[in-house]
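Novice: Chain residues, written in single-letter form:
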Amino acid sequence: MTSPERPNPAREHALHRGSCLCGTVRYEIRGELGPIVLCHCAQCRKAQGSAFAANAVVRAQDFSIVAGREALAAYESSPGKKRHFCARCGSPIISTRDSVPDVVRLRIGTLDSAVPNPPSAHIFTRSKAGWYEILDALPQHAELEPGRRDRIG
Amino acid sequence: LAIGGDPINLSEGGSPAAAVGDPKEVTMISGSCLCQAIRFEAKQVVFFGHCHCSMCRKAHGAAFATFAGVPAEDFRYLAGAELIQRYESSPGSHRAVCPVCGANAPVKSADNRMMYVPAGLFDSDPGVRPTLHMFVGSKAPWWEIDDKLLKYEEYPPQ
Chain A
1 MTSPERPNPA
11 REHALHRGSC
21 LCGTVRYEIR
31 GELGPIVLCH
41 CAQCRKAQGS
51 AFAANAVVRA
61 QDFSIVAGRE
71 ALAAYESSPG
81 KKRHFCARCG
91 SPIISTRDSV
101 PDVVRLRIGT
111 LDSAVPNPPS
121 AHIFTRSKAG
131 WYEILDALPQ
141 HAELEPGRRD
151 RIG
Chain B
1 LAIGGDPINL
11 SEGGSPAAAV
21 GDPKEVTMIS
31 GSCLCQAIRF
41 EAKQVVFFGH
51 CHCSMCRKAH
61 GAAFATFAGV
71 PAEDFRYLAG
81 AELIQRYESS
91 PGSHRAVCPV
101 CGANAPVKSA
111 DNRMMYVPAG
121 LFDSDPGVRP
131 TLHMFVGSKA
141 PWWEIDDKLL
151 KYEEYPPQ
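Protein chains in written order, with our numbering: chain A, 1 to 153; chain B, 1 to 158.
In short, the hints are calculated from the structure, not lab data.
It is possible that some hints are incorrect.
[Said to hold, decoys possible] Restricting the straight-line Cα-Cα distance to at most 25 angstroms, the calculated cross-link-like pairs of lysine to any residue (SDA-like) are:
#1 A:K81 with A:A137
#2 B:K139 with A:P118
#3 B:K139 with A:K81
#4 B:K43 with B:E82
#5 B:K108 with B:P91
#6 B:K148 with A:H141
#7 B:K148 with A:P139
#8 B:K139 with A:I134
#9 A:K82 with A:A137
#10 B:K151 with B:A140
#11 A:K81 with B:Q36
#12 A:K82 with B:G80
#13 B:K108 with B:K148
#14 B:K148 with A:G34
#15 B:K108 with B:A72
#16 B:K139 with B:N112
#17 B:K139 with A:S120
#18 A:K82 with A:R59
#19 A:K81 with A:I65
#20 A:K81 with B:Q85
#21 A:K128 with A:S113
#22 B:K139 with A:G34
#23 B:K151 with A:E28
#24 A:K128 with B:V136
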């Protein structure tokens with residue numbers, strides 16, 4: 001098991017790059033991406049307009065905005081929780097939670113680099129859109145996945 | 001889905017799954033962005049499809065986008081229409097965003113005949129279900145399509 005708190009030799013070499021649709025906001029991740037979870041909560045669906053979000057935990061210290069920081073806007077969707085997006089094109093980039101400052105949750109669809117692992121689970125399936133049917137074999141959790149430490153949705 | 005081309009209406013001549021009920025039986029479908037600044041209602045959905053193009057994936061930050069097509073005369077804003085910010089993602093093609101919460105917002109086709117609603121905005125069940133995947137040629141390599149819906153490399157045929 002790889003703990004996000006412990007250094008892992010492999011993660012020191014990982015470099016992921018991503019950007020918003022208009023290319024104004026660019027970011028780099030020097031480290032591992034956590035498991036991709038597909039979040040069906042109503043907030044994620046509304047924030048993006050999609051059937052579900054595809055998010056992965058990234059250590060905040062590994063994540064850096066390399067261009068367009070001034071274009072990043074944030075919406076506080078619940079107390080202490082902010083969803084950060086490009087104010088020009090609207091691409092959602094990350095969410096953060098004040099109570100868990102050491103991680104950000106990346107919106108995987110904005111990655112330009114290859115995604116290293118397939119999605120791991122569906123979460124908040126109790127809030128799933130009625131018009132979307134889950135047909136894959138991934139684990140489904142009614143709310144958060146078990147063992148989640150950051151509680152950022 | 002790059003909005004700006006001809007409207008795509010699968011309610012005519014599409015598969016049985018694309019059929020939409022008698023409009024008289026359809027109650028109004030409501031929708032809103034995350035912050036509720038933009039609210040709308042729609043009478044019927046005549047197109048419902050998943051788009052896997054790279055621009056939709058970027059704009060939504062997601063595995064794919066899902067758009068519901070509503071004839072313009074069957075769509076009405078209840079709030080926030082004046083707030084909507086438009087971004088020209090390719091020449092003549094626009095995307096719409098709520099500047100407050102960043103949600104993708106409904107966008108009108110270039111010929112003004114259709115409103116394309118990001119389906120995640122629906123508050124009530126639109127009553128119909130997605131019928132197709134488009135731009136599967138640009139699909140995210142990490143996403144597998146597991147359903148049996150129609151698949152098109154790019155836009156579905158008219």
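Novice: For each hint given before, does the structure comply? Return the numbers of the non-compliant ones in rising order.
Specialist: 1, 3, 9, 13, 14, 16, 21 and 23
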